[in-house]
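Undergrad: Listed below, chain by chain, are the residues.
There are 2 protein chains.
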Amino acid sequence: MTPVSPLSPPHDVEIVEVGPRDGFQPIGPFIPTSAKIEFVRRLKATGLRRVEIGSFVSAAALPQMADTPAVLDAVRGEPGLLAQVLVPTERRGREAVAARAPMIAYVLSVSPAHNRNNVRRSPEDSAADYERLLAGIPDETPVRLNLATAFDCPFDGRVEPAAVMVLLDRLVPLRAGVEICLCDTTGRAVPDQMRRLFGEATARFPGVRHWAMHAHDTYGLGLANVFAAYEEGVRVFDGAFAGLGGCPFAPGATGNVASEDLAWMFERMGVSTGIDVAALADLADEAAALPGAQPGGRARAVLRARPDACAA
Amino acid sequence: MTPVSPLSPPHDVEIVEVGPRDGFQPIGPFIPTSAKIEFVRRLKATGLRRVEIGSFVSAAALPQMADTPAVLDAVRGEPGLLAQVLVPTERRGREAVAARAPMIAYVLSVSPAHNRNNVRRSPEDSAADYERLLAGIPDETPVRLNLATAFDCPFDGRVEPAAVMVLLDRLVPLRAGVEICLCDTTGRAVPDQMRRLFGEATARFPGVRHWAMHAHDTYGLGLANVFAAYEEGVRVFDGAFAGLGGCPFAPGATGNVASEDLAWMFERMGVSTGIDVAALADLADEAAALPGAQPGGRARAVLRARPDACAA
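In order, the protein sequence lines correspond to chains A and B.
FYI, full-length UniProt numbering numbers position 150 of the first sequence as 150, with every residue one higher than the one before it.
FYI, full-length UniProt numbering numbers position 262 of the second sequence as 262, with every residue one higher than the one before it.
Since the hints were derived computationally from the structure, they do not count as laboratory data.
Just so we're clear, the structure is a prediction, and the values are computed from it rather than from any experiment.
One thing to keep in mind: the hints can contain errors.
Stretches of chain A that chain B covers, calculated by requiring three or more beta carbons in the stretch to come under 8 Å of a beta carbon on chain B [stated by the list, open to error]:
1) 177 to 191
2) 221 to 232
The calculated label-pair distances, taken between Cβ atoms and stated as ranges, are [what the hints assert, rightly or not]:
3) Glu-140(A) x Glu-200(B): 31 to 41 Å
4) Ala-162(A) x Ala-70(B): 56 to 66 Å
5) Gly-199(A) x Gly-136(B): 42 to 52 Å
6) Asp-282(A) x Phe-155(B): 19 to 29 Å
Quick reminder that beta carbons are idealized off the backbone N, C-alpha and C, glycines included.
Using the sequences provided together with the hints, build the complete structure.
TA: The structure is reproduced here in C-alpha cells:
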C-alpha cells in the first residue's frame, strides 16, 4: 500500500470529496453498500486523494450511514486513498478509531441551537467531548475539527466571528497538527465573511498549518466563497460530486459545492488539484442519477455538452 | 418624468438587468411585444433602475429582437427607468439615438474570430465604427462600451489582457464619461483573471469613472467573478433575471449570472442594490416559465421554498 501523508496535500490545493457522506446522507432510498464502495473507489481513480466515506452516527437518525463500517472495511486499504470518517461525539470517535479509520473528522456546531439539534448538547459540552476524544486516541491519528455553522445557522441566523474564536481558543491548543475546517453549513455565507473570519483565524492561530473550508452552494455562492477563502490562504476545500447534499425539506436548498466545479475553477486558474475533471464529471453524472438525489453544480452539464470545454 | 442621472448609480452597486436583451435573445418562440413591455415595467418596479430592453440588430439574424423599437417606444418615458439599447454598429447606433434610446451600449469583441462571427469585420474596423458613431451623436447621449470576449473566446480560447488594452488605449480617450464594460461572454473567466484585467485597466485609465462587468454563469463562476471584480473597484454589474441567456446549441451553457443571485449576495454583504430581492425572484420565476427559456440561478429556488430565507 502506498503510504499517504494525511496532512500534506500533494497538489496546490486539496479537494476533499464529501459526497459519500454529506451528499448521500439526505438521500432517502438506501444506496447499496457495494454501490457506495464502488463510488469511493472510482472517486479515488479520478485523482481525489481524500474521501469522506461516511459517518459513525445513529443509524436510526441517519439510516443511509448505517453501513459506514462496512464501507470503511472495504476501502481502508485502497492504495493512495485517505478515507475520512465523520464523528459527532467522543464515543463515535473512539468507535471510528477502533475500526481503524485512517482519518477522523470531529464535528461540532458553533451555534447552540444547531448543536443542540444535532447532538442534544451545548457547543461547550461538545468541546469537552472533543477534548476527551483527543485524550483517548493515539497521537498519530490524523484528525480534522469541523466547526459547523461557523458563518450562519439555520435557526439563529448569522454567527459572529467572536463565537468561533472562543471555541478555537479552547480547542486549537489541545493538539498540534489538527486540520481546522470552518463550515458554511447553510450556504448563506458571503465572500466578505470568508475574508473576515479566515483572516482573523489565521492571524490568531499561526501555528495551525491546515485550514479547510466546507461550502454549500444554496445561493450559488459556493465558488465565490471558496475563492475568497483561497485568497486568505485556505488550501483544503470540501466538495461533493454532482453537488449532492440538498435538504429534502427545503427544495432548492442544494447541497455542497460541486467537486467538479471546484476542480474546474482551480485548474483553470492554474492551481493544481490532481483531479481529472472530465472523469469526475462523468462519475458525477452517475451520482446525479441516483434515485432520490438532488444534484447541483454547473460544470458537469457543460462538460457533457462540449467535451473539449475543459481545454484551456 | 423623474430625471435619471444615467451614470451615477443611486446605490452602492448598480445591477443592470440585461434579461430582456441577452436573456430573451436566444429564446426561440417569439415573446409578444406586450409581454416584453410588461416584463420591463415589472423589472423596474422591483427596484432595478437600468434595463437593457433589447438591441438594434438584424431582425433576420435575431428575430426575437425585431420589436425593440416598439418596446423602446413603450417604456422610454417610464419614470425612474433608464432604458439601455445594445448596438453592434455605427448605423444601428444612429438608429437607436434617432429612436431616442436613453442610453446605448456599443458592443465589439476583443477576439477577432468572435467579432467576425458577430458583425463580419475585425475588432479594429468595429473600433473605427465606434469612433464614427461617437462623432455622429450628441455629446450628452449616455454611452456604454461593451468589450465582449474580454477574457475568453468561444473560438480562440483565452484572451490576453494586452489585446484588451490595445482597444482601450484607442477607445477610452475618444470621449469622457463613457461606461466601460468588460464582458465574460463564455463564462469561462476565473476570478484571478478578473483581478488581473480590472486591476490593470483601472490603473491604466484612472479617468474612467464607470467600470462594469458582464458575467455568464456557465461553470457556476458568475458570483465568484463578480466578487473579484467588485474588490477591484467595479460597481456596475450585468445580470439577467432567472439567469436567462443559455445558448440553445450548448445544453448546460447557461446564461447570464442571475440578477436575483447578484442582488442577494450584495444585500447580504450589506452592499445596497435598491432591489426588492423577493419581488425580483418572483418575477424571475415567471420568466423561467417562458416557453423555450433555459433558466439558471440559485437564489430563486431557495427564496421560493423559504420565504424568510432572505432575512439576514
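Undergrad: For every hint, state whether the structure bears it out.
TA: Status of the hints after comparison with the structure:
As drawn, the stretch 177 to 191 of chain A meets chain B at 3 residues by the rule of a beta-carbon pair under 8 Å; at three or more, the given contact holds. With 7 residues carrying a beta carbon less than 8 Å from a beta carbon of chain B, the stretch 221 to 232 of chain A meets the three-residue requirement, and the given coverage holds. Range check, Glu-140(A) to Glu-200(B): Cβ separation about 48 Å, and the 31 to 41 Å hint is violated. Restraint check, Ala-162(A) to Ala-70(B): a C-beta distance of roughly 57 Å satisfies the suggested window 56 to 66 Å.
Distance hint check for Gly-199(A) and Gly-136(B): the Cβ-Cβ separation is about 51 Å, which falls inside the suggested range of 42 to 52 Å. About 26 Å separates the C-beta atoms of Asp-282(A) and Phe-155(B), a value consistent with the hinted range of 19 to 29 Å.
In this structure, the one hint that does not hold is number 3.
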